[in-house]
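Student: Sequence:
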Amino acid sequence: MRLLLVKTSSMGDVIHGLPVVTDLQAHRPDLTIDWVVEEAFADLPALHPGVARVQRVALRRWRRELLRTSTWREIGAARAALRGRDYDAVLDLQGLAKSAWVARWAGAPITGFARGCVREPIAARFYAHAHSVDMRSHAIERLRSLAGQAWGYTPQGLPSFGLRRDLPRPAWMPQGAVVLLHATSRAEKAWPDDAWVRTAQACARAGRVPLWPWGSAAEQAQAQRLASLAGTGLVTPRMRVAEAAAMLLHADGTVGVDTGLMHLSAAFERPTVAIFTATPAWRFGPYWTPAAVSLGGEGAPPRADDALAALRSLGGLPGDAA
Numbered sequence: 183m184r185l186l187l188v189k190t191s192s193m194g195d196v197i198h199g200l201p202v203v204t205d206l207q208a209h210r211p212d213l214t215i216d217w218v219v220e221e222a223f224a225d226l227p228a229l230h231p232g233v234a235r236v237q238r239v240a241l242r243r244w245r246r247e248l249l250r251t252s253t254w255r256e257i258g259a260a261r262a263a264l265r266g267r268d269y270d271a272v273l274d275l276q277g278l279a280k281s282a283w284v285a286r287w288a289g290a291p292i293t294g295f296a297r298g299c300v301r302e303p304i305a306a307r308f309y310a311h312a313h314s315v316d317m318r319s320h321a322i323e324r325l326r327s328l329a330g331q332a333w334g335y336t337p338q339g340l341p342s343f344g345l346r347r348d349l350p351r352p353a354w355m356p357q358g359a360v361v362l363l364h365a366t367s368r369a370e371k372a373w374p375d376d377a378w379v380r381t382a383q384a385c386a387r388a389g390r391v392p393l394w395p396w397g398s399a400a401e402q403a404q405a406q407r408l409a410s411l412a413g414t415g416l417v418t419p420r421m422r423v424a425e426a427a428a429m430l431l432h433a434d435g436t437v438g439v440d441t442g443l444m445h446l447s448a449a450f451e452r453p454t455v456a457i458f459t460a461t462p463a464w465r466f467g468p469y470w471t472p473a474a475v476s477l478g479g480e481g482a483p484p485r486a487d488d489a490l491a492a493l494r495s496l497g498g499l500p501g502d503a504a
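Numbering (our numbering), first residue to last: 183 to 504.
Bear in mind the hints are in silico, worked out from the structure with no lab data behind them. Mixed in with the good hints there might be a few duds.
[Unchecked claim] DMTMM-like, lysine to aspartate or glutamate: derived pairs with alpha carbons at most 25 Å apart:
id	residue 1	residue 2
1	Lys371	Glu480
2	Lys280	Asp270
3	Lys280	Glu302
4	Lys371	Glu401
5	Lys280	Asp225
[To be verified] Simulated restraints, written as ranges between beta carbons of each label pair:
id	residue 1	residue 2	range
6	Arg347	Thr214	19 to 27 Å
7	Trp254	Asp348	35 to 43 Å
8	Arg210	Pro374	21 to 29 Å
9	Ala279	Ser410	22 to 30 Å
10	Asp316	Gly289	26 to 34 Å
11	Pro374	Ala263	43 to 51 Å
12	His313	Arg351	36 to 44 Å
13	Ser367	Arg297	40 to 48 Å
14	Arg246	Ser495	42 to 50 Å
15	Ala424	Arg242	14 to 22 Å
16	Leu416	Met183	46 to 54 Å
17	Asp270	Ala353	37 to 45 Å
As the structure is a prediction and not an experimental result, all values here were calculated from the model. Even glycine gets a Cβ: it sits at the ideal position worked out from N, Cα and C.
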């Protein structure tokens with residue numbers, strides 16, 4: 183049987199969907215699993231060996247360019263590609279009008295969240311089958327529960343992301359690096375500059391090279407500013423998602439705000455300190471591995487000293503990182 187998973191964005195949401203593939207492989211080995219995802223995040227499902235094929239879409243770009251003939255040509259090609267795979271079922275893990283629209287392209291029965299659980303109720307109108315999940319549970323457990331109800335099993339234990347570990351270290355990346363994920367699209371999720379500066383300087387004193395990644399011009403400027411304030415660290419080259427994943431896999435540790443790359447570091451089960459300032463750690467933080475620690479919470483950013491102590495306890499820093 184052939185199943186299509188629909189989880190197009192954002193980065194963190196796509197990462198949270200990966201344990202569904204691991205569960206399905208364990209309980210329904212008869213399934214061939216494909217995944218449809220935004221073009222910017224296509225490298226993520228490909229990191230799981232259980233995903234047979236990744237279909238790229240560009241909903242964000244298409245929405246901005248609806249008047250272009252080329253846009254509708256791309257939409258038609260993506261729709262034809264999905265319809266041509268002859269799927270037996272579609273599982274919409276996103277629960278949005280746009281994800282339900284894409285799910286319909288496959289021409290197979292769609293399963294999704296019931297109206298009381300779906301993010302946009304209009305999406306439920308397109309589902310042949312709908313299931314309720316515990317909205318008080320972590321986002322990952324809601325996805326696992328939906329898939330389990332759809333395919334006749336009950337998820338057990340902690341989530342397993344099933345990520346490939348054969349990614350080569352980026353050629354530019356030094357040994358003994360600590361990744362500082364400072365960038366966020368939401369200002370309220372940011373950590374104060376002085377906390378980043380203290381963290382970077384302590385890492386350098388402990389013999390680690392702070393890495394300042396970025397993904398846009400504004401984030402690059404911020405990375406350069408923080409590196410200058412700290413007087414230490416390497417502003418990374420611009421990276422695709424696959425190269426950023428390799429960086430996280432080979433780093434000694436990661437300190438990051440609540441963003442997709444922080445969750446990816448924790449999914450690799452690398453030493454990860456998750457910084458929460460505007461979102462609840464109990465609902466979104468990494469809980470599946472002892473290699474990750476969540477600090478802070480809504481309106482309560484943690485101190486740099488606490489982050490350093492946590493990173494040291496996880497083995498990401500040697501000796502005294504104060």
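Student: Now tell me if each hint is right for this structure.
Tutor: Status of the hints after comparison with the structure:
1. Proposed proximity of Lys371 and Glu480 is supported: the alpha carbons are some 9 Å apart, at most 25 Å.
2. Simply put, Lys280 and Asp270 have alpha-carbon atoms about 21 Å apart, close enough for the 25 Å limit, and the pair holds.
3. Between Lys280 and Glu302 the CA atoms are separated by roughly 10 Å; this keeps the pair inside 25 Å, and the hint holds.
4. At most 25 Å may separate the alpha-carbon atoms for a hinted pair to count; Lys371 and Glu401 meet this at roughly 14 Å.
5. With a CA separation close to 21 Å, the supplied pair Lys280 and Asp225 stays within the 25 Å bound.
6. Distance hint for Arg347 and Thr214: a CB-CB separation of about 23 Å, consistent with the stated range 19 to 27 Å.
7. Our hint of 35 to 43 Å for Trp254 and Asp348 holds, since their Cβ atoms are close to 39 Å apart.
8. Checked against the hint of 21 to 29 Å, the C-beta distance between Arg210 and Pro374 comes to roughly 47 Å, which is inconsistent with it.
9. The hinted range of 22 to 30 Å is not satisfied by Ala279 and Ser410, whose Cβ atoms lie roughly 44 Å apart.
10. For the hinted restraint 26 to 34 Å between Asp316 and Gly289, the CB-CB distance of approximately 31 Å keeps it satisfied.
11. Between Pro374 and Ala263 the CB atoms are about 46 Å apart, so this pair conforms to the stated range of 43 to 51 Å.
12. Between His313 and Arg351, the C-beta spacing of about 42 Å keeps the proposed range 36 to 44 Å intact.
13. Between Ser367 and Arg297 the C-beta distance comes to about 29 Å, which lies outside the given range of 40 to 48 Å.
14. Checking the proposed 42 to 50 Å range against Arg246 and Ser495 shows it holds: the Cβ atoms sit about 45 Å from each other.
15. Hint check: Ala424 to Arg242, Cβ distance near 20 Å, so the stated range 14 to 22 Å holds.
16. Distance hint for Leu416 and Met183: a CB-CB separation of about 47 Å, consistent with the stated range 46 to 54 Å.
17. In this structure the hint that Asp270 and Ala353 lie 37 to 45 Å apart at CB holds, the actual value being about 43 Å.
Violated hints for the displayed structure, listed by number in ascending order: 8, 9, 13.
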